[in-house]
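Chains as they are written, first to last, in the working numbering: chain A, 98 to 325; chain B, 34 to 441.
Read the hints as simulated data drawn from the structure, not as lab findings. Take the hints with a grain of salt, since some may be wrong.
Said to hold, decoys possible - In silico DSSO-like links for lysine-lysine, alpha-carbon gap of 27 Å or less: (1) B:149 to B:160; (2) B:48 to B:241; (3) A:308 to B:48; (4) A:256 to B:134; (5) B:232 to A:308; (6) B:211 to B:160; (7) B:149 to B:278; (8) B:211 to A:319; (9) A:294 to B:48; (10) A:319 to B:48; (11) A:205 to B:412; (12) B:232 to B:160.
What the hints assert, rightly or not - Some chain B residues well away from chain A (every beta-carbon gap over 10 Å; in silico): (13) 34; (14) 69; (15) 232.
Stated by the list, open to error - Derived coverage of chain B by chain A (criterion: at least 3 residues anywhere in the stretch with Cβ under 8 Å from a Cβ of chain A; other residues may be distant): (16) 76-87; (17) 95-106; (18) 252-263; (19) 388-398.
Where a beta carbon is used, it is the ideal one built from N, C-alpha and C, also for glycine.
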Amino acid sequence: MAAFPGKNASTILTSVLAAETGRHSGWLEDPRARRRFLGVLEYALRAGAPGASYVIAQVIRQALREGLPYVYAKTSPEARQVYQWARAVSRELSRLKGLIRLEPYSGKGRPILIGKAPMRYNLVDLVLAHFARRFPGHRIILDTGRGIYEWNYGVRLVKEEFWEEIGKESRGRNAEQCAGDYYATLWEAYYESQIIKGRLDISRAMRVLPKRYWNWIREGRKLRSFSP
Amino acid sequence: MDTLAKLAILGEAAKYDVCASSATSGSGAGGAGRGRIGNLSPAGCCHSFLPDGRCISLFKVLLTNECVNDCFYCPNRSSRDVPRTSFQPEELAGLFLEFYKRNYVEGLFLSSGVAKNTAATMEDLLKTTEILRERYRFGGYIHLKILPGSGEDYIQRAAELADRLSINLEAPSAGRLKNLSRRKDFEKDLLERMRWVSKVQAGRREGKVRLSAGQTTQFIVGAAGENDAEILGAVSRLYREVSLKRAYFSAFQPIAGTPLENGPVVPILREHRLYQSEFLMRTYGFAYEEIPFGRDGNLPMEIDPKAAAALRRPEAFPVEVNKASLGQLLRVPGIGPLSARRILSLRRTYRIRDLEELKNLGVVTGRAAPFLLLDGRSKKPETAPKQLGLFDLSVLDGEVPADGGLPW
Ligand code: SF4
């Protein structure tokens, strides 16, 4: 048996594991491949499907026995299922990043940006982290309808008193309905200015942006006016 | 005029400019992050969609629609009787930042007519960008248009501030440009400036240059009497000569009150075929000579260029999936760069035997099957070959990540 050079217990552990588990488990010793694979499994888990951990365990076994390409090729039904979950979650995350509108408030402390969106999957931490990176120095709040969260070196639940602090009227308000926000009106005017009448193709618009997202965005009203 | 009215005019005036993606490969000099508002993203992100399905990713706007030039197709040409207005640099920078904070957009695409003269307008464009970068410490994506005939120092400064620069060629050659503009000199005002951008970009690692998304250009398709071979020939030269990142195409739509108002409306399908072909050259490694132009120098309309190229070379097919090189796989209709790489990777440890496995790798088997052998045998697809949808390539192009950027 080969020696297992390693700088620490963790690298020795993965080397031993790789040697013990199958011909194609070399990827265990490649931190990038490992991270990527775990990232996909992590996304799949976030779909929250019943029995997901069992299916994921199967896929891990296949990756150790047959190699990662076997799994990435979705050769087994389990790998296909995991891919479907991960893809759905990844798509939804991309939409959340693009379509959640933020409502700015300037209170006593740091300026606040509030986003409101229902979550189909468990993505609160990723969405908050995304906006926190994008807006350093701001307090990022996310209201999912089931809870209010903020980013403070990790996800924290926000107490109800928060709404007292910034004015209760904003609570139930969809960020896109904030009538007092002049910039929302400007945005709508801008959106209208980009429409090219000769190119209208609402069925394509519905394909790329399913209707359930239309009421997240103020311009959804405009889209609706073109839809059959 | 208030901001709302200006926005309606200057947004509308920019709507034919194309700028699909805000994806960049790096953080650029001056750095995103580091306490700055805004950051860059390796994948594009759509923040809205228009009723034609186009993604809105950037705030695309003109600084002014005043223009001393007379381009024959342009709604902003000097002699056209339209309301004129301008943003002040402060006003536009502030407006953009408010849009950005509300997450309406991923970045800014700033263009302009030529108000008094090129230098004065370039200064205002740069000032707007400087306010964003320096006063507001904006670290996100900015695409800045370089005006024809801009000075070298303006280009240098623009490259220090913007992630992407573009100079619109509009036509593929000096002769064709004459059909579109009396004043623009193809070689001096446009090509030479593109070379300058390329030179500045080459020195990116050493200095303060940002330019993380390189330079691009745009063609108005069908307004100058050119054919597709001329356009793609120019694009292919620009890749080599000025490290063009990509080209955009805008199908000509005649505008009332311009000398070309009675010109032919160019079908969007032509624009799309150009995108597909440009994609083949840029991402699939096709040589210009492999693009299947017809006798008239135009791309076929009834079939997508990749399928047409494959049908022209029957001797090259079918290819054995388990042995074909990357280049061979990439020439099979229905196999894209990602699925080709997946095939190569899987082949190392596994023998691919059926179409279902290929489908799982992302291959569009209905299109690919007639061009493939699997383990020495040809397989019939269960579904009839399907023509590539009109906009399928936009999904592949970072404009709308099909799966949110999942790596496999
Ligand atoms: S330079 Fe030509 S294309 Fe540009 S705004 Fe002026 S008239 Fe239009």
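Cross-check of the supplied hints:
1. A C-alpha spacing of about 16 Å is found between residue 149 of chain B and residue 160 of chain B, which places the hinted pair at or below 27 Å, so the restraint holds.
2. Among the hinted pairs, residue 48 of chain B with residue 241 of chain B is inconsistent with the structure: their alpha-carbon atoms are about 31 Å apart, more than 27 Å.
3. Under the criterion of a C-alpha separation no larger than 27 Å, the hint pairing residue 308 of chain A with residue 48 of chain B is consistent with the structure, at around 24 Å.
4. With a C-alpha separation of about 24 Å, the suggested pair residue 256 of chain A and residue 134 of chain B falls inside the 27 Å cut-off, and the hint holds.
5. Only pairs whose Cα atoms come within 27 Å are accepted, and residue 232 of chain B paired with residue 308 of chain A is rejected, the gap being roughly 46 Å.
6. Taking the CA atoms of residue 211 of chain B and residue 160 of chain B, the gap is about 32 Å. The hint is violated against a cut of 27 Å.
7. At roughly 31 Å between alpha-carbon atoms, residue 149 of chain B and residue 278 of chain B are farther apart than 27 Å, so this suggested pair is violated.
8. Distance hint between residue 211 of chain B and residue 319 of chain A is unfulfilled; the C-alpha atoms sit about 40 Å from each other, more than 27 Å.
9. In summary, the hint linking residue 294 of chain A to residue 48 of chain B is supported, as the alpha carbons are separated by about 11 Å, within the 27 Å threshold.
10. Between residue 319 of chain A and residue 48 of chain B the CA atoms are separated by roughly 17 Å; this keeps the pair inside 27 Å, and the hint holds.
11. Distance check on the hinted pair: residue 205 of chain A and residue 412 of chain B sit about 69 Å apart at the alpha-carbon level, beyond 27 Å; violated.
12. The hinted pair formed by residue 232 of chain B and residue 160 of chain B meets the criterion: a straight-line CA distance of about 23 Å does not exceed 27 Å.
13. Every C-beta of chain A lies more than 10 Å from that of residue 34 of chain B, the closest at about 13 Å, which supports listing it as non-interface.
14. Non-interface status of residue 69 of chain B relative to chain A is broken: a Cβ of that chain comes within 10 Å, the nearest being about 7 Å off.
15. Annotated as non-interface, residue 232 of chain B keeps its C-beta farther than 10 Å from every C-beta of chain A; the closest such distance is 33 Å.
16. Here's how the segment 76-87 of chain B fares: 11 of its residues keep a CB closer than 8 Å to some CB of chain A, so the rule of at least three is met and the hint holds.
17. Counting residues of the segment 95-106 of chain B whose CB falls under 8 Å from any CB of chain A gives 0; the rule of at least 3 is not met.
18. Only residues whose C-beta sits within less than 8 Å of a C-beta in chain A count toward coverage, and the segment 252-263 of chain B has 0 of them, not enough to reach three; the restraint is violated.
19. By the rule of at least three residues with a Cβ nearer than 8 Å to a Cβ of chain A, the coverage given for the segment 388-398 of chain B holds, with 3 such residues.
Violated hints for the displayed structure, listed by number in ascending order: 2, 5, 6, 7, 8, 11, 14, 17 and 18.
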